[in-house]
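Colleague: One-letter residues, chain by chain:
Protein chains: 2
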Amino acid sequence: MHWPTSVTIKEVAPRDGLQNEKVFISTEDKIAWINQLSYSGLKNIEITSFVNPKWIPALSDAEAVAKGITRVSDVTYTALVPNNQGLERALEANIDEVAVFMSASETHNSKNINKSIKETFPVLREVVEAAHLAGKPSRGYVSTVFACPYEGTVDIEMVIGVSETLFEMGIRELSLGDTIGAANPKQVQEVLEVLLKRFPANKLALHFHDARGTALANILASLDMGITTFDAALGGLGGCPYAPGAYGNVATDDFLYMLDGMGIQTGVNQEKLLSASRFIQDKIGKPLPSRGLQVFGLSG
Amino acid sequence: MHWPTSVTIKEVAPRDGLQNEKVFISTEDKIAWINQLSYSGLKNIEITSFVNPKWIPALSDAEAVAKGITRVSDVTYTALVPNNQGLERALEANIDEVAVFMSASETHNSKNINKSIKETFPVLREVVEAAHLAGKPSRGYVSTVFACPYEGTVDIEMVIGVSETLFEMGIRELSLGDTIGAANPKQVQEVLEVLLKRFPANKLALHFHDARGTALANILASLDMGITTFDAALGGLGGCPYAPGAYGNVATDDFLYMLDGMGIQTGVNQEKLLSASRFIQDKIGKPLPSRGLQVFGLSG
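So the sequence lines, in the order shown, correspond to chains S and U.
Using our numbering, the letters of the first sequence map in sequence onto residues 457 to 756.
Using our numbering, the letters of the second sequence map in sequence onto residues 457 to 756.
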């Protein structure tokens, strides 16, 4: 097995982690927490979502959060943007990078976005092009790459088609999502073998959820295939409101523990990260899924 | 990366899983549960421990359990045996295989067994030789192979020394334990590279705990090194009374999910296993660490 000397962690907990939580974290706490993340050494933080607050009330304070945080100069602050109305709000809040999203399976795309895959493309294209005109780079999420909660295993041709279209739009990075944490290392290897013939490894990020404890094994298989960028959420926060059985993202704390142990550089400070983990666990008021946090984090 | 076509799972939950639980599972429930495991397709089950009941009250009914279960002809029923008094009880209960145990680090060995490593050898030798005379094969556990909660990283020479001595005694398999779940895949690879020069892969089992979510990643690294036997505990039960920070074993349910997805044969039926998981979770009365059980097991 082979692994790289360094890995980029894209922290998604403030968006992907909080969007499904029933507890509303106050704007003040969100800002304090994101500032902690900014000073932990993380270089990429997805801080909020400019979807309609009606759909994701937990993130209804997107503007206030984006404007309230202290921007650290070498950190990229990303926000999820579903359409042009969202983009206007995101630009007004001076977001560094715009993330668009869709699914590789029709049923999940339809439940999540209320459009067919074909109908989704022009909406995202409009967002991506307008973002670029405003000088903001874009990132694309593809959900249900490995399995759809409604359709089961997803045809790799669907993944290729959606990925190609998003790259044609001009996104600089594609995040491949195992939305319900169903993938296994062999499938990861097989899917990446196909995709890496079409797209360079440094344009792909992997986004694993941990519904069956396989997230770090899937990351290990991805590292061995040359992938060096991964999404992760502090404390293992996360889930998807439109994916039954979805569970938290791979926990940044556990992921960092593994990478540090393997001598893979990330630039992230483990203690500062764990402290930020404890902070948000306290605010949410229940033990988060991160194993390390359960074992070591609660006692201080 | 490479993986084998089949893997042997050694189920340790009735012993390693229950020994640290505060709830006493009734003898009747233990028997019913082990019978479910016997019919799940598992071929190796460690059912109890013949240590002094004063030290592990949760397993004080060792004889009754061993005599009460229905023996399935192609299943090997193992029990932990610390010394000759324990062996007498184990033989009287007609156990199929005897498991002896010690640590690769002095401090953990001393806390766990109250003897130095050197003082432990003759005690185990006596057990192993007497077991063989009685026609019972033996298995050896080495704890703290990757890290000791008191001493940190463990010198590989200590692991080699203990392993060689146990093999000299005549044990047929050595189980290498990551007692506090601290190992990472790179360390697993490095340790196995050294050990596999001395011992054949089919004589080694790996025993991972999951304190930081790395257990399945560590298993993946072990598979790639040619290891095909792993200890696991249903529901992720487990821990060690003499290892602060110890957490449950890798969950058999999550492990099986990964292996099934990768097309690796185990002979174990996922539904029967999950049903046994739910049974014991119910008796223990709290959610067990297994991810799959948390996500899927509670509702069905």
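If you're looking for bench data, these hints aren't it; they were derived computationally from the structure.
Among these hints, one or two may not hold up.
The list treats identical chains as one, so a pair stands whether inside a single copy or across any two.
Using 35 Å as the maximum straight-line C-alpha spacing, the simulated DSBU-like pairs for lysine-lysine come out as follows [what the hints assert, rightly or not]:
#  : residue 1 : residue 2
1  : Lys653    : Lys510
2  : Lys642    : Lys567
3  : Lys567    : Lys728
4  : Lys742    : Lys642
5  : Lys659    : Lys642
6  : Lys478    : Lys742
7  : Lys499    : Lys567
8  : Lys574    : Lys499
9  : Lys728    : Lys478
10 : Lys653    : Lys523
11 : Lys478    : Lys739
12 : Lys642    : Lys510
13 : Lys728    : Lys742
14 : Lys499    : Lys653
15 : Lys499    : Lys571
16 : Lys478    : Lys653
17 : Lys653    : Lys728
Colleague: Cα distance capped at 35 Å. Does Lys659 pair with Lys642 within a copy, between copies, both, or neither?
Modeller: Both: 21 Å inside a copy, 25 Å across copies.
Colleague: If the cutoff is 35 Å on CA atoms, where do Lys728 and Lys742 land: within, between, both or neither? Let me know, please.
Modeller: both (20 Å within a copy, 31 Å between copies)
Colleague: If the cutoff is 35 Å on CA atoms, where do Lys653 and Lys510 land: within, between, both or neither? Let me know, please.
Modeller: neither (41 Å within a copy, 62 Å between copies)
Colleague: One pair to classify: Lys567 and Lys728, alpha carbons no more than 35 Å apart. Within, between, both, or neither?
Modeller: between (37 Å within a copy, 33 Å between copies)
Colleague: Please sort Lys499 with Lys567 into within, between, both or neither, judging by C-alpha distance up to 35 Å.
Modeller: within (32 Å within a copy, 43 Å between copies)
Colleague: For Lys642 vs Lys510, is the C-alpha pair at or below 35 Å within one copy, between two copies, both, or neither?
Modeller: For Lys642 and Lys510, neither the intra-copy (39 Å) nor the inter-copy (46 Å) Cα distance is at most 35 Å.
Colleague: At 35 Å max between alpha carbons, let me know whether Lys653 reaches Lys523 within a copy, between copies, both or neither.
Modeller: So Lys653 and Lys523 fail the 35 Å test inside a copy (41 Å) and across (59 Å) alike.
Colleague: At most 35 Å between C-alpha atoms: does Lys478 with Lys653 qualify within a copy, between copies, both, or neither?
Modeller: neither (41 Å within a copy, 53 Å between copies)
Colleague: Given a CA cutoff of 35 Å, do Lys499 and Lys571 count as a within-copy pair, a between-copy pair, both, or neither?
Modeller: within (33 Å within a copy, 50 Å between copies)
Colleague: Between copies, within a copy, both or neither: which fits Lys478 and Lys742 at Cα up to 35 Å?
Modeller: both (11 Å within a copy, 22 Å between copies)
Colleague: I want to check one pair: Lys653 and Lys728. Are their C-alpha atoms no more than 35 Å apart within a copy, between two copies, both, or neither?
Modeller: neither (38 Å within a copy, 40 Å between copies)
Colleague: Have a look at Lys642 and Lys567 and pick one of within, between, both or neither, based on CA distance no larger than 35 Å.
Modeller: Classified as within: same-chain Cα gap 28 Å, cross-chain 41 Å, threshold 35 Å.
The structure fails to meet hints 1, 10, 12, 16 and 17 from the earlier list, while all remaining hints are met.
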